[in-house]
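Just need the whole structure built from these sequences, with the hints factored in.
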Amino acid sequence: MADMVETTASGERSATAQSIRIGFLLAGLAALAVAPLFLYPVFLMKLLCFALFACAFNLLIGYTGLLSFGHAAFFGGAAYFTAHAVKEWHLTPELGILVGVLGAALLGLVIGFFAIRRQGIYFAMITLALAQMFYFFCLQAEFTKGEDGIQGVPRGHFLGLLDLSTSTNMYYFTLAVFLVGLLVIWRFVNSPFGMILKSIRENEQRAVSLGYSVQYYKLGAFVMSAALAGLAGGTKALVFQFATLTDVTWQMSGEVILMTLLGGIGTLIGPVFGAGLVVTLQHYLATSDFPVTIVTGVVFMACVLLFRRGLVGEFYASRLGRRLGFAYRR
Amino acid sequence: MTFAVPESRKEPRTVLSARGLSMSFGAFSAVRNVDLDVHHARVHALIGPNGAGKTTVFNLLTKFLTPTGGTITFMGTDITRLPPDRVARMGLVRSFQISAVFPHLTVLDNVRVALQRPNGLATQFWRPLSALDSLNERADRLIAAVGLSEARNAMAADLSYGRKRVLEIATTLALDPKVLLLDEPMAGMGGEDVAVVAGIIRNVARDRAVLMVEHNLKVVADICDHVTVLQRGEILAEGDYRTVSEDPRVRAAYMGTEEA
Amino acid sequence: MTTIFGIPLAAFLGQLLIGLINGSFYAMLSLGLAVIFGLLRVINFAHGAQYMLGAFVALLLLQYLGVDYWLALAIAPLVVGLFGALVERTMLSRLYDLDPLYGLLFTFGLALTIEGTFRYLYGAAGQPYSVPPALSGGTNLGFMFLPNYRGWVVAVSLVTCLGTWLLIEKTKLGAYLRAATENTVLVQAFGINVPLLLTLTYGFGAALAAFAGVLAAPIYQVSPLMGTNLIIVVFAVVVVGGMGSILGAIVTGYMLGIAEGLTKVFYPEASNIVIFVIMAIVLLLRPAGLFGKDA
Amino acid sequence: DVSDGVVKIGILNDQSGVYANFGGKYSYEAAKMAVEDFGGKVLDAPVEVITADHQNKPDIASNIARQWYDTEQVDSIMELTTSSVALAVQAISREKKKIDIVTGAATTELTGAQCSPYGFHWAYDTYSLAVGTGGALVKEGGDSWFFLTADYAFGYSLEENTAEFVKANGGTVTGAVRHPLATTDYSSFLLQAQSSGAKVIGLANAGLDTSNSIKQAAEFGIVAGGQRLAALLFTLAEVHGLGLEAAQGLTLTEGFYWNRTPETVEFGKRFFERTGAMPNMVHAGTYSSVLQYLKAIEKAGTDETEAVAKALHEMPVNDIFAENGKVGANGRMIHDMYLMEVKKPGESDVAWDYYKVLATIPGDQAFIDPAKSGCDLAAQ
Amino acid sequence: MGALLQVADLHAWYGESHVLHGVDMTVGEGETITILGRNGVGKTTTLRTIMGIIRARKGEIRFAGRDMLSVPLHRTAHAGIGFVPEERGIFASLTVEENLTLPPVVADGGMPLEEIYDLFPNLLERRASQGTKLSGGEQQMLAMARILRTGVRLLILDEPTEGLAPVIVQRIGEVLQKLKARGMTILLVEQNFRFASRIADRFYLMEHGRMVADFPVAELPDRMTTLNKVLGV
Ligand SMILES: Nc1ncnc2c1ncn2[C@@H]1O[C@H](COP(=O)(O)OP(=O)(O)OP(=O)(O)O)[C@@H](O)[C@H]1O
Ligand SMILES: Nc1ncnc2c1ncn2[C@@H]1O[C@H](COP(=O)(O)OP(=O)(O)OP(=O)(O)O)[C@@H](O)[C@H]1O
Ligand SMILES: [Mg+2]
Ligand SMILES: [Mg+2]
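Residue numbers (the working numbering), protein chains in the order written: chain A, 1 to 330; chain B, 1 to 260; chain C, 1 to 295; chain D, 1 to 380; chain E, 1 to 233.
It is worth saying that the hints were derived from the structure and are not from the lab. Owing to the predicted nature of the structure, the values given are computational and were not obtained by experimental measurement. It cannot be assumed that every hint is accurate.
Unchecked claim - Simulated crosslink set (DSSO-like; lysine-lysine; CA at most 30 Å straight-line):
1. B:Lys-218 - E:Lys-133
2. B:Lys-218 - E:Lys-58
3. C:Lys-170 - E:Lys-229
4. B:Lys-218 - E:Lys-229
5. D:Lys-326 - D:Lys-356
Said to hold, decoys possible - Stretch-level coverage of chain E by chain B, calculated; a stretch enters the list once three of its residues show a Cβ under 8 Å from a Cβ in chain B:
6. 127-136
7. 212-223
Claimed, not checked - Chain C residues, not near chain E, derived (Cβ > 10 Å throughout):
8. Pro-8
9. Arg-94
10. Pro-100
11. Leu-121
12. Pro-133
13. Ala-155
14. Leu-186
15. Val-187
16. Ala-189
17. Phe-190
18. Ile-192
19. Asn-193
20. Pro-195
21. Ile-281
22. Val-282
Glycine residues also receive a C-beta, built at the ideal position from the N, C-alpha and C atoms.
Shown next as structure tokens:
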């Protein structure tokens, strides 16, 4: 969606292409609105949570070129925070999620503070290591209940009115969170601030010499991405009614990378498709004979080797995609 | 002995000055005890043999390096310990010896990025990108001034070397700096571009200070008001181009038999 | 009895020695990682998997062909090195022109695939591999009982590390490799077959990991997961040492092994985060790492 | 009668992760054996067993559980390795009014604060392991203990429970050292344990952590030096992985051993033919749980949850796994546990013959009294 | 004088953008050729394509009678071509001396190390320091120097005087004269017209990816007006 509006300064956009893109958008929204009639709602909610998580992650890699290998800390951390807030402090769901988001943002601030001191792969390794520290913290901390996890988290009533314990209500609540999250990302990326992020990715030294405090911009993007990952994680805790260690492991950080890569780094909706594919794959493989890790690994390698732009990115870059006025730039 | 100097002929005011500037890399001392004054409305050339320490002086002045000795004053403020982005925001802006553009942004966006900060459009993450359209007019003027208008929407990466340099100058000018530091702005440029850029520099120096490193002596002779010659990290000679170019030590160390 | 921080000197020395032993593995693994990173600009996430492969090849050689430890010490690295070279030639080499992040992601996928396959075939539980008879038993050092095998590990790792360092920093071949890292095309234009060099390098790095794996087999359980968690610690070691610095990787490997060993005595709960804490501190004070040149 | 004409049992566990050997695919095999042994039909309806790999992720497990219950007419879910998964699925089962029988997870929470009227815990739990190893071993002379504890809740509760029984039986605890989860090198900790002089070193950890500590203990000559190792959660599958050379002399508690009675031997052999491995308590427990569930349906005359749960609570358990087992009001199946010692390589004459049974711990001592379990269902 | 390098109808692409549109050029044995042209006409691209760095190419390149199109990049140097790139390509992880001795010697007749140090004393002084710690000009010297060692027959230089102090430019001029005298064939791109006119035997003028003119140094005075119009020299 962002990519639709983003379409280049050179963009002579034909009216038909524009309307086709809006058509896509509306079709997508409509599909999401009626999806629970056809697909299993909890599965859909899970998908939406992971999709938002992947989009938040993409905000960082796709638009500032920073590969975080520790995003599970924000996602899983927020799940714990929200679960704890709702279960132990009896907060309403929206406040619980807020606690999750703020917690993730704070965590992002701390991890980001260290990580942005280095770039590229160094950055990836540092985030990985720090997130691993957070994992150990969660493992040992009292409130996370160790390997049992925080279980039986009540979903409560949204704004005290809407009962979220039914699947349908919870689905539309999750959908709303997802859309808001996506909207925030879209605005963030296509803003003057986003432009500076892009230029930092392109040539950091030059950005400094133009007077930009590069570190603050990076930290800003990092915290934003962490907060949105937290939004996804907090919501997930309510959907599943538990928060466990799985979501803070580094394998989870790897999974979100896979989702983003598969869907298309740097495209707004790519990660949504990527997440959909990975979640479906895992779900499907759970009942098949074939081990998930091997499939995940092979998909990863294939993606990197054969279609780096990801599903959506490849589509944008294809002849049809370009004719529709999309642009894939990385 | 002092004479009353008429207002118009007064020494233009000093905007940037360094005293006793020194820099060593380990045991190697690249800049030694350099005093330098850069004046408003003047083009000041820093020349000297390769490895004399010119780029290092630039790095020191713009705080990309922290001097091991000496002080730097900019518009009356001691900036010796400030970080580079702060200094840039104060109006001390540089270009790089190796060309520095944002390769995957268009020419227009390159210039607009530079314009964003001084126009307060840098940190707004809640506004649409179209907020930047207000910068187009100024950006286009700058682009036209360096002759890149027809490449306005091209990716910077696709420009030839020379045109990247010109683009870099345009982005630098966009910051409307008080002092402009140009490291070999003409290097790798074709003759026609050299003339264009020389004109631009002359022009912008009317209301700001310019300090440039340049090996093209013709350019130095044509547009520079003041020349400092550096050798082995120390000042060898100083004055206008004619004085300096007649100095036998300068000829031996730097110019050879070359005429501008 | 003399004590240090309330710990008997003898026990303290014992723990120091044990730290050194662990440090040997860190050093060898981070060395391989540093070599591959330094020359190929690839963070080899599959390093842990290759370490595991080394141990597994040794185990399978024993189980199916009756090949003993000593021969395995030579064969396993060779096999894994060849495998690495093959992977590099057919796949990894296509990624050099891209952002180095793709190399990281590719090897991450490779690691998952390798580990997944072994888990599928052999299960996640560990399998035993015995200490070779010549090195079984131990020596009483007075302050501790040192299993002979562990003493051997320390010695071998020191020699390996030193040899690799000399090879890369002091030989012409090393100079080619270092130059190729920065500008492959130009080095090729000078007449050097860079693709071949890079293939050999990756193979060498993988072999180094496998070598460490064989050394580890008699100490730890041979399990498909043995490399997974180790690799993250080794990443931290490499960051502390300064990415790409070969010497840094070696020295930091031993140092952090010792630091971790001592933490196990004084504050055991923190022993697996101590390396990360040190990493954070180092990043604050020296972002480029202890031995890193600024990027 | 049987709703929708078929009884469907789901075996949900880890089949590719760290616990894949602990239960894994073999548990599915055990469940199928139970159905076959029962005759393949109950109340004239066919019995079907399906399985899925939850990959140790509670969200995947809970998605599958919901889908099984909602769209695939699954009647009960069993095995459920890993406590986070077991608790999550038990919560869903309770909400959906379906039966779940846990054999793979250890947490006492399942029949404690988070118990369910339709939830059952079959094979073992942390408490019973502690009673077995902690209590019985002291009687065997191991009266001073030093703990090597994994630094997280599971480790603490094992240590705590065990220490209690050690003290209750007149033993002492001389110290403990906590090691981080998934440590690779235990030599530091082992040296501390060695110098403590305690007679027993209790390993309050699990899986690879335990294997590695045992292997390295052998390397440092700890058992040879006269100290005894006691693993608090370790099964036949892991002993097999470790090999007798390293594992000899180890003490542990299990709820099942194949080479104990003629019936278990017969079962073990049949299991071995199908899988190539002898069963541990998770496999045998899963067999038992499926069998008992089918018996309960037969007795209730329906597969309706309330009725089956009632039958399960009432019926004694008598099969190759349990003799005179009974189910408490909290859902805990109470049966005997066994304290084992791992044989020396020379003592083992048949393949997979690894254990000497040192003691039998009667069920009433091995498990928490339901009334004191913290489960509100049992309190009334 | 036979043609050492023969280029005919050479096309080259960067991705999808077609940059060279049929370059024709001949370099005789022992000749010094300078390619002139405005920024961006494809001079660098021509050199890189001849070198084999740009592989998306079509047409004919013959060096010493041998078809170079199928020769892999790492064999080009061994055929006897040395290349000094525009961006110099000094290696940061190597010392100055390691940089200098990096390219393998491909044939006899290269310059010995001492002679090189005589020529560029800066390099001798800084030889143990990191390559990229040299100043811009020193790096340019190093880039030239390391090729002189290798004994190639054809030297390809992309703007060798860029960023150099006039004295050094003069010195490089002298070096090139010396090499010429020894029979070295040189192909260079140069913006510094004065320098170029001093050493070249013949010029090519390039526009829009093609050679549009070709004339010997003797014709230079007659051509000045046109050149002035095209190049602004
Ligand atoms: N970071 C550094 N570490 C060590 N030595 C350095 C460093 N930077 C520069 N030098 C040395 O300092 C001296 C001055 O370098 P500088 O780049 O300032 O020269 P310059 O005058 O700009 O030369 P040129 O005209 O060739 O660009 C050189 O000898 C160079 O090798
Ligand atoms: N990597 C690249 N990708 C795409 N286009 C390129 C690339 N490099 C150069 N070009 C384009 O190819 C054309 C020729 O470039 P080239 O560098 O050969 O010019 P040049 O004559 O050497 O110019 P200069 O004097 O500025 O060095 C230019 O239009 C340039 O924009
Ligand atoms: Mg310079
Ligand atoms: Mg060029």
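Numbered hints the structure breaks, given as an ascending list: 2, 3, 7, 14, 15, 16, 17, 18, 19, 20
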